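Peer 1: Once you have looked at the hints, place chain B on chain A.
Protein chains: 2
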Amino acid sequence: MPVTRDFFLELANAAAAETLPRFRAGGGIDDKGIKGGVAAFDPVTEADRAAETAIRALITRHFPDHGILGEEHGATGLDRDHVWVIDPIDGTRAFITGIPVWGTLVGLTEHGKAIAGMMAQPFTGELFHAVDGKSFRTFNGVDVENTVSGVTELSKATMFTTTPHLFKGAARERYDAIEQKVKLFRYGCDCYAYCMLAAGFVDLVIETALQPYDIVALVPIIEAAGGIVTDWDGSRPEKGGDIIAASTPQLHQAAMAMMRS
Amino acid sequence: MPVTRDFFLELANAAAAETLPRFRAGGGIDDKGIKGGVAAFDPVTEADRAAETAIRALITRHFPDHGILGEEHGATGLDRDHVWVIDPIDGTRAFITGIPVWGTLVGLTEHGKAIAGMMAQPFTGELFHAVDGKSFRTFNGVDVENTVSGVTELSKATMFTTTPHLFKGAARERYDAIEQKVKLFRYGCDCYAYCMLAAGFVDLVIETALQPYDIVALVPIIEAAGGIVTDWDGSRPEKGGDIIAASTPQLHQAAMAMMRS
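First to last, the protein sequences are chains A and B. Its first residue numbered 0, the first sequence is counted upward by one per residue in numbering that gives the first Met the number 0. Its first residue numbered 0, the second sequence is counted upward by one per residue in numbering that gives the first Met the number 0.
Hint data in this document are derived by calculation from the structure and do not stem from the laboratory. Among the hints, erroneous ones may be present.
When chains are identical, the list treats them as one kind, so a pair holds in a single copy or across two.
To be verified - DSS-like cross-link-like pairs, simulated, lysine-lysine; straight-line CA separation at most 25 Å:
#, residue 1, residue 2
1, LYS112, LYS167
2, LYS182, LYS167
3, LYS112, LYS155
4, LYS238, LYS112
Predicted model only: the values in this text are computed from it and were never measured.
Bound-form chain A, shown alone:
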């Protein structure tokens, strides 16, 4: 069975059934997590685990020969040709603060290379997905093909990073130098920023310390929209770590020249 847009839609709906009822639940709670030594109601952890369970069940049913790597429930069959990579809620901090820029990420790798992926945002009702070398965003039932911007120069680029505080030491200095060069920089969108890059509204995303499940699903969405995503040395991004995504080869080269050590 090939991977299709409709399979991603099925995964997105199954995940949304677990995440959406818990999004903005527990407002007014003083402190999530442990309270007086007792684990308190923690909607994001519950949502994370339940959504990954639902996603894994569908993958196992449709693709029993494939491996799975998930943020919450670990790895199985990583030696298989095809491995699914899942982050049920990317952008936990957006989730707990009520901001609808988190997403459910599911990607598929073949011999280690990301070949299909989705980012679903159930509060807005958006689904970004890439299959067969095409990248789309679905909203209100309509598919629009994603195409990156044509921006080639840092001085004309809009850049995102989750927060500059994640860059340490020399990497922070190099990142700060790029902030001085770009037209506009913004913080705080995790997976949503990469999808806006694929859609042509953001030109550059630079991040550090990513896990494979933070990026694998997004790679086909970016690449099939015409963008480039690698680590800071220009190698394939599927392993995570330090990541640059850019709308054009020229912009990617300019950013990589400034970020690599």
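Peer 2: Same frame as chain A, but now just chain B:
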């Protein structure tokens, strides 16, 4: 005629008809604004102006005796008892980068004090509104009453600011010191962060250099939800400038003690 939730809904719909078709229009355009000396397609400016025109027309029809202060089309009748304050698109940078955390702000002042207001986010379909001392968020046709969190200590608080780069000199040092004290800080949400404070998912918002139209609409949404919003010296916030919004008096005091000069 009194101001009602339904009047805010009418304003929100009229604004959405102008903003939403222009949101994420022009993707792939290299550089918004002037191109080769010729003004290029600039969706955010068009949306801003057209939405404010639509809002002013409805206000003038329903409240002909009231004054109006708008970001785009100036001031009329500021000496009246009642003055409406409009920012058709608060969060221009979110708008141009495709991130759905901008909002249409409309507030009503009586003798200079904000008594009713709305924030509408048409892409998500959310309407935050306050009338008659009650604060609500409407989503999918359902009204939920807003209630702030009970967080009283900086060490348990989640804080937002649009970007720390807006704080200059000593204010930046004082702001950075608060970042060291809070549980979590996040950047980049403009009006949306104040609404999440009213809804109980964010505890503290600190900003600088606001205009009246950036804050007036939000004041009743925060206050009617039980929150506190003032300038850094504890005075009424309607004039804009340096703003602190907090979920509780204790948290407000703690933040104000660190921010005021």
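Peer 1: Now tell me if each hint is right for this structure.
Peer 2: Going down the list of hints, with the structure as the test:
1. Taking CA atoms no more than 25 Å apart as the test, LYS112 paired with LYS167 passes in neither setting, with 29 Å inside one copy and 45 Å between copies.
2. Proximity of LYS182 and LYS167 under a CA criterion of 25 Å is satisfied in both settings, with 23 Å inside one chain copy and 20 Å between copies.
3. In this assembly of identical chains, LYS112 and LYS155 lie within 25 Å of each other by CA distance neither inside one copy nor across copies; the values are 31 Å within and 42 Å between.
4. With identical chains, the CA atoms of LYS238 and LYS112 are at most 25 Å apart within one copy only, with a shortest distance of 10 Å there and 55 Å across copies.
Violated hints for the displayed structure, listed by number in ascending order: 1 and 3.
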